[in-house]
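Q: In the order they appear, the protein sequences are chains H and D. According to this note's numbering, the stretch in the first sequence is residues 1 to 326, in order. According to this note's numbering, the stretch in the second sequence is residues 1 to 326, in order.
Hints in this document: simulated from the structure, not taken from any laboratory. Where hints are given, some of them may not hold.
[What the hints assert, rightly or not] Subject to a maximum C-alpha distance of 20 Å in a straight line, what follows is the list of computed PhoX-like cross-link-like pairs (lysine-lysine):
(1) Lys173/H - Lys148/D
(2) Lys267/D - Lys314/D
(3) Lys267/D - Lys172/H
There are 2 protein chains.
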Amino acid sequence: MKNDSLKEIAEVIKKAQSIMLFPHENPDGDALGSCSALCRCLRNMGKTAWILTDDDVPANLNFLGEGMRTLDENIIEEPDLCICVDCGDPGRIEKRYEKFRAGRKTICIDHHMSSGFFCDYNYIDPEEAATGQIIFDLLRELEHKPDKETGEDIFAAVTTDTGDFQYSNTQKKSHLIAAELYDWGVDFNKVSVEIYENVRPEKIMLKNCAMATLKLMGGGKGAMVSVTQEMLEKTGASMDESEGLAQDLRSISGVEYSAVLKEYEEKKIKVSLRAKRLGNVATMAEALGGGGHIKAAGCTLKMPIRQAEETIEKALSSAIKELEQK
Amino acid sequence: MKNDSLKEIAEVIKKAQSIMLFPHENPDGDALGSCSALCRCLRNMGKTAWILTDDDVPANLNFLGEGMRTLDENIIEEPDLCICVDCGDPGRIEKRYEKFRAGRKTICIDHHMSSGFFCDYNYIDPEEAATGQIIFDLLRELEHKPDKETGEDIFAAVTTDTGDFQYSNTQKKSHLIAAELYDWGVDFNKVSVEIYENVRPEKIMLKNCAMATLKLMGGGKGAMVSVTQEMLEKTGASMDESEGLAQDLRSISGVEYSAVLKEYEEKKIKVSLRAKRLGNVATMAEALGGGGHIKAAGCTLKMPIRQAEETIEKALSSAIKELEQK
Chain H
1 MKNDSLKEIA EVIKKAQSIM LFPHENPDGD ALGSCSALCR CLRNMGKTAW ILTDDDVPAN
61 LNFLGEGMRT LDENIIEEPD LCICVDCGDP GRIEKRYEKF RAGRKTICID HHMSSGFFCD
121 YNYIDPEEAA TGQIIFDLLR ELEHKPDKET GEDIFAAVTT DTGDFQYSNT QKKSHLIAAE
181 LYDWGVDFNK VSVEIYENVR PEKIMLKNCA MATLKLMGGG KGAMVSVTQE MLEKTGASMD
241 ESEGLAQDLR SISGVEYSAV LKEYEEKKIK VSLRAKRLGN VATMAEALGG GGHIKAAGCT
301 LKMPIRQAEE TIEKALSSAI KELEQK
Chain D
1 MKNDSLKEIA EVIKKAQSIM LFPHENPDGD ALGSCSALCR CLRNMGKTAW ILTDDDVPAN
61 LNFLGEGMRT LDENIIEEPD LCICVDCGDP GRIEKRYEKF RAGRKTICID HHMSSGFFCD
121 YNYIDPEEAA TGQIIFDLLR ELEHKPDKET GEDIFAAVTT DTGDFQYSNT QKKSHLIAAE
181 LYDWGVDFNK VSVEIYENVR PEKIMLKNCA MATLKLMGGG KGAMVSVTQE MLEKTGASMD
241 ESEGLAQDLR SISGVEYSAV LKEYEEKKIK VSLRAKRLGN VATMAEALGG GGHIKAAGCT
301 LKMPIRQAEE TIEKALSSAI KELEQK
């Protein structure tokens, strides 16, 4: 399959009047920032446009798409166009997929490696550090007049998905976009404070609890922690506040692979996997029924937490052995 | 006083044969990255150049200036030129100041607000996000041929002093420099992994201990933690591994002011102060005999830790009251 051009996609968008945007489930800064920027642009063009999510979004990302997000599928009865943003897999908009298919036309805009071409029009580029960068280019095709708020959405998308310009996916383009956004009047520090300096003390307590379960394996090359329902009760934190642990593990000296296990329900353990320099967690996640990027991927295990810990420990250990044999 | 131009400073450098570089005490990524880049350039120009420190540097910054750093004052007997880098205050090169003054000529290159003009030639620009950015410009005046290693030094300086392009001091220029460094062949991820993903498990344990002392005040607008000698003994961590706590406190929702107290000796407590949106900790630090930037400053208190905690709690509380009255 081949990508349609952003020019073609812009033409399809221009012809539609009612448009619904679909970020992936458990949306992150890139998904929400990208949707927010695109939705703002569409509304400026005089279109009826909404971002449909199937869950509340994390508190620190609440400013993205504020007033443009909805949980109501019927806010537009029969949308001319449904756009899947930062998501190239129907499974990641599962609960909203029926509505998505009800769009007269569908578009997929994404940068994930494992994305398929499942829409009428598709633009998927795994080279791009963030979907926000593709949206930045698309806005130009849509002749969007630069403004502060849209710039802040784009910055939020790019800075979160590049790990603040530190991950290996960061491109020259990421910095050039950030530099250009200075001319849009963006208040960068405001965005950073919203995203990163909005941590509830409860989250800090949860992190301390989780880090106490730290298990190192394979001579320190693997690291694993768990977040349980019991910890949430004890600290008063919510599960989405366990975000960031994967990066903390990755930061430990010598660790090549890390895993964070989150007990959402008794037999529903979501696992975040990270690789530092050499490993590939996309393969590992796929083998466990999930997917993602080479350095950041995930899966869901339908088993009790202890069993999940054993499964992941085994997967990490064998990945470490493989690394050592290379 | 007025700055000399970088062109003039480059001329002075070109005429010198033996040059010593002086980063500030407890050197950070900007001080060491800037020295490393400049030293590399000077050696490429055929000069005898060394970076003189008065302490070992933090393990995660050890790659900056490797093979160019020394603790030996007499490595050059009578240097033609001494350059104070990322430091505009003789007090921050106190132990090496006599040697500094022994230079036939002296230069100061810095970006701190509280810097004075105490050298023969001075270039101090508080607008610059990092001294590394000034060095980037200076390298151009010195006709330095771009190379990977020097680029990595500059990136380390800029990314650490801008808080990974998140602090309010970050400029369009910071991103444009990072973008240009892609053409120098820099391995950005390598630098990030060195600086940020090199954390000993002992450091994580120390952080957990320190966060257990978290004290919120002024209705959650102030936050304070302490790191004591007892904690170092218990965890096996070193004091420089307590770095990063100030940022952790700043990240708590609602916190405007934060303080990290570090017990170096029984009556030598170093205090890091941070302000988030509205406050000015430079003034607070100066009142306590220290100095720094508006959003990040520090001081040293010569008293026992409990007394220091009281002193800082009082200073934070009155600063919070002032904020509320504004």
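Q: Against each hint, give a clear statement of whether it holds in the structure.
A: A quick look at each hint next to the structure:
| no. | hint | verdict |
| --- | --- | --- |
| 1 | Lys173/H - Lys148/D | 19 Å, holds |
| 2 | Lys267/D - Lys314/D | 19 Å, holds |
| 3 | Lys267/D - Lys172/H | 48 Å, violated |
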